[in-house]
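Novice: Protein chains in written order, with this note's numbering: chain R, 1 to 327; chain D, 1 to 338; chain U, 1 to 433.
Hints should not be assumed to be uniformly reliable.
[Claimed, not checked] To give an idea of the interface, some chain D residues facing chain U are shown, with a C-beta separation under 8 Å as derived from the structure:
no., residue
1, Ala11
2, Thr17
3, Asp296
4, Leu298
5, Asp299
[Said to hold, decoys possible] The calculated DMTMM-like cross-link candidates involving lysine to aspartate or glutamate, where the alpha carbons are at most 20 Å apart (straight line), are:
no., chain 1, residue 1, chain 2, residue 2
6, D, Lys122, R, Glu315
7, D, Lys122, R, Asp114
8, U, Lys32, U, Asp15
9, U, Lys9, U, Glu47
10, U, Lys421, U, Asp271
11, D, Lys122, R, Asp191
12, D, Lys122, D, Asp99
13, D, Lys122, R, Asp317
14, D, Lys266, D, Asp327
15, D, Lys122, R, Glu323
16, D, Lys266, D, Asp214
17, R, Lys311, R, Asp85
18, U, Lys238, U, Glu392
19, D, Lys122, R, Asp85
20, R, Lys262, R, Asp191
21, U, Lys335, U, Glu4
22, U, Lys421, U, Asp409
23, R, Lys271, R, Asp261
[What the hints assert, rightly or not] Listed next, the stretches of chain U that the computed footprint assigns to chain D, with coverage defined by at least 3 CB atoms under 8 Å from CB atoms of chain D:
no., region
24, 130 to 138
25, 365 to 376
Everything labelled a hint here was simulated from the structure, so no lab data went into it. The beta carbon of each residue, even a glycine, is placed where N, CA and C say it ideally should be.
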Amino acid sequence: MSAVTASPPELSPARLVDMLRMMMRIREFDQRALELYREGVMRGTTHPYIGMEAVAVGACATLRPGDRITSTHRGHGHCLAKGGDPRLMMAELLGRAAGYCKGKGGSMHIADVDAGILGANGIVGGGIGLATGAALASKLAGRDEVAVCFFGDGALNQGIFHEAANLAAIWRLPVIYVCENNQYAMSARADRFTSVPDPAVRADAYGFPGGSCDGMDALAVYSAVGAAVARARAGEGPSLVVCVTYRYLGHHVGDPLNYRDKAEVEAWRAKDPIERLRAALIERRALTAADADAARADVEREIADAVAFAKASPEPDLATLTEDVYA
Amino acid sequence: MSAVETQQAPAGTRVLTYAEALNEALREEMRRDPRVFVMGEDVAVWGGGGVFGVTKGLVEEFGPERIRDTPISEEAIAALAVGAAMAGARPVAEFMYADFMTLAMEPIVNQAAKIRYMFGGKARVPAVFRAQEGAGRGNAAQHSQSLEAWFCHIPGLKVVTPSTPADAKGLLISAIRDDNPVVFLEHKMLYNTKGPVPAGDHTVPLGVAERKRDGRHITVVGVHTMVLKALQAADRLAAEGIELEVIDPRTLVPFDLDMVVASVRKTGRLIVTHEAYERCGVGAEVIAQVVATAFDALDAPPVRLCGANVPVPYSGALEAAALPQVDGIVAAARQLMA
Amino acid sequence: MATEVVLPKLGLTQDEGTIVRWVKAEGSRVNKGEPLFEVLTDKATIEVEAPASGVLLRILVPEGATAPVATPIAVIGEPGEHVTSAAPHPVAAPASRSQHPPSAGAPAGGAIRTGAAGSIAIGDGRVRVSPRARTLAAAHGIDLGALRGSGPDGRIVERDVQRAVEAGGTGRAAAARHATVPGAVGAPAAPAAAPGGPARPVISARLRAIIARRMTESLQGTAQLTLTTEADMAEAAKLRDQVGAELERRGGDRPTYTDLVVRAAALALRDHPRLNARWADDGVRLLPDIHVGVAVALDEGLVVPVIRHADRATLAQISAALRDLSERARTLRLKPDEMDGGTFTVTNLGMYDVDAFTPILNPPEAAILGVGRVHRRPVAAGEASGGEDRVEVRPVMALSLTFDHRVVDGAPAAQFLQRIKHVLEHPYLLLLP
């Protein structure tokens, strides 16, 4: 297995604090989304990203504004980390006219194409081809943009992963496949349905680098994805980065969670990515405990404001039903 | 063969084959717009440009980056086209046979068709999905289907079915310039048909049908080869005093209902004919819309002449029996006039 | 589970019926108890209710066609349900149309079906008029029922209507009325404009046949003869004006002379029960109730709605009932029991300036009273009061009583007629219970 070895740029203390704040924001956002769902304010379902914040934040910290990501059904974290506006996201969760998608997409289809967010995706693996195609467009246009494709361990076994990985390899496309191995595809443990213990070896089959990193550590993710991004930007082609992580909660609200132990959850929670970065930053004297508490309070206010904004936004006009089917 | 083949080219046109006309459209659009690129199986190397010669010579002019041979990965071809289109390119993805598009339905149906709507109108997917369909060459069940109804069913897709070289060029240019995902379906038996094709920038708007022949008695709406067969039937029936008015919708989505209804108001009789399977086919949709819009204009129940509801068979005799033919149109017309 | 709708037996003597109108179109939703179709029996046009709720999947017997009692005529079920009794039962096609047997190979559902070879098969017995032909006919007031369809399976198509237009078929008002057709899109199979719909001429033929049979039977099967007399209607006219003014004040209508005669006849029947009788195999049978029928002329023929217990009805009640019955008779909307069970009939031709005539008995009744016009003429007067003979101009009305001599003899019949005359000349009797 070839590993990615190049190192990304060193992060300044201010960037690190921003990353911590972003992880807090993501967690607070998904907490509030769950509450809204339970209050009956939100429709459909919501797939909480809680526990996995280090992956989105570490990976997106490597990107430039012109770079693109594709996301998944569990997409709030990616969207926020790539610069999504929590107010427009929350309004979309509530199906309101002011939402990112004017209330037509909901939690699973939040997108901000101008910000490089090519959308959450309701189809498992649905973003893999899109990210690869976006990378192709960048390459054809001669731009040094990259595309980061987030997907879960469940998508590893979709045909599109293999077709796209092969294409990205032969065409040396600037795409980084970031597999969030959160251990479960709904009830299915990753080792039950994936033919190899470490999915990163699948990159070998397509002749590009693959490696795993600690997905509970934002800095480890930053480092691993950063190396892959540098490689892609240099025109050397795709990489696969498997981030080993865990979703603390169920697949979505209402998951019976009969397929895993409480002890297992507790063990993962002990490695909490937010606490981990917070402790590391305090230790580095990048921030104080009081700063961290203040940051959390800021984030709580920010998300409360997003909820208020969403609730104040009107329902979509019924006349918009048939709008935007075609350009 | 067809009536158009013997036509002289009017001023400003040349007689080209359908395949050449498509080739010209791709060439002109790629010259005009650097964002346009072609990808598909065997579009560059094979025979100098595609199994049916549609991309012939393009790789020489535009290079292998923009005329991009792909592995046999239909889902990825479609999905990459969608992603590239979202990221600012204007891909023309080719599927060697429309039958193979069944492997690419996820990105076409769930992604391309829905992205604009799902994202609240804030995204565009200007991708063209080209394929050839249809029977007539003994390619049997997995290489002869006409699957346009699959795509017509999906909101967000446009569906184009040219029947003449001029329309092939004009519609393909319009499809490439369109900001929506367009499923552009050619017909394998039409590639070698010839007709006058305007030189230079020739576009045919999507959603505008063409009356290929005027007639007073029966409106015939045909798709692809059935337009040509309807014209042949019209020649034969003219001798009996039965006049067919032949309409080629050219695009099935959007559909030019107005022209069809105007014609039915004149004739009172309607035949819709396509090679695609009859059941839940486009003919059913066209008839439903005409009946709902112009019931009072009908002097006889509308008739469908469609592909039999069987997998397309291999044997020449069976294949011909599975497809609507000129004789069938003639017979149906006579019965409508009986 | 689909429910088969059968042609109901609506009368003891009925063995077949003609579908006058389908109230619901094929494919429309019907609720149990809603009017579904109208059938013409040997006596009446009857509205029949849907026996089940669901969708009217198929109409097996079209408007204008005649079928035996208990024939399946339609199927009610759920959308998409397979219609097992799809094969239409043989029915007599409307006389004015060419007959086409249903093709055996027709697909269930009866719709046009075209195979790859382009052959067309059509499979049911519906009256066929193209929507385009209907529209054109409506625009020109053409009676579709009078046309012969030249299209496939006898369908009336545009050219048939065009020919009629060219032949000057825009014609008379009555034709235009009959040709009223639905113009609304979405009600394809519902010629909802009936009673003026295309089936009406068919009814005409059918009703004619019934009348012909019954009148012939009457003349051939009874021993009838006619007595005539005249009634002085001066007092009756006065009463009619007085009562009429009062009824109008109450929002009612002025009674007609027929109303007066019906009341008079009912009272006279009470006094002369031998006329309220019928001939049976075992002799004369006196009837306990007095039900007076009144002949109503239609374009198509004659119907006789019945006023039940006419002897117990006031003049105003008779007047109102008769007005209602005649109106519904003209629109073929009478129920069968409204034309059933008469024990005596009144028929009035006075409006046509007829004096006396010889009505034909309406079997099995024993008598029928013909009413002539009320007309003013010189009458020898005075002798009754013992004064000098003089000539007065009086309004007189001829009364013609036809009776069955098997049931009653001349003298009692004459006494009965005399009693009617007396009541009409002393019309206060009309107002007594």
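Novice: Now look at each hint and say whether the structure bears it out.
Specialist: We went through each hint and held it up to the structure:
1. Ala11: 39 Å, violated
2. Thr17: Constraint on D:Thr17 not satisfied, violated at 28 Å.
3. Asp296: At about 4 Å, which falls below the 8 Å cut-off, the nearest Cβ of chain U leaves the hint on D:Asp296 intact, so it holds.
4. Leu298: Given a least distance of 5 Å, the restraint on D:Leu298 holds.
5. Asp299: With Cβ-Cβ at 4 Å, under 8 Å, it holds.
6. D:Lys122 with R:Glu315: The given pair, whose Cα atoms are some 18 Å apart, holds under the 20 Å limit.
7. D:Lys122 with R:Asp114: Given pair D:Lys122, R:Asp114 holds - Cα atoms ~9 Å apart, limit 20 Å.
8. U:Lys32 with U:Asp15: 25 Å, violated
9. U:Lys9 with U:Glu47: 13 Å, holds
10. U:Lys421 with U:Asp271: 13 Å, holds
11. D:Lys122 with R:Asp191: Distance ~39 Å between D:Lys122 and R:Asp191 Cα, so the pair is violated.
12. D:Lys122 with D:Asp99: Given that 20 Å is the threshold and the Cα spacing comes to 32 Å, the pair is violated.
13. D:Lys122 with R:Asp317: Holds, at roughly 17 Å.
14. D:Lys266 with D:Asp327: 24 Å, violated
15. D:Lys122 with R:Glu323: 12 Å, holds
16. D:Lys266 with D:Asp214: 11 Å, holds
17. R:Lys311 with R:Asp85: 15 Å, holds
18. U:Lys238 with U:Glu392: Within the cut-off at roughly 17 Å; holds.
19. D:Lys122 with R:Asp85: Since the Cα atoms of D:Lys122 and R:Asp85 sit roughly 15 Å apart, the hinted pair holds (cutoff 20 Å).
20. R:Lys262 with R:Asp191: 19 Å, holds
21. U:Lys335 with U:Glu4: Violated, at roughly 23 Å.
22. U:Lys421 with U:Asp409: 19 Å, holds
23. R:Lys271 with R:Asp261: 16 Å, holds
24. 130 to 138: holds (count 6)
25. 365 to 376: violated (count 0)
Checked against the numbered hints given earlier, the structure breaks hints 1, 2, 8, 11, 12, 14, 21, 25 and satisfies all the rest.
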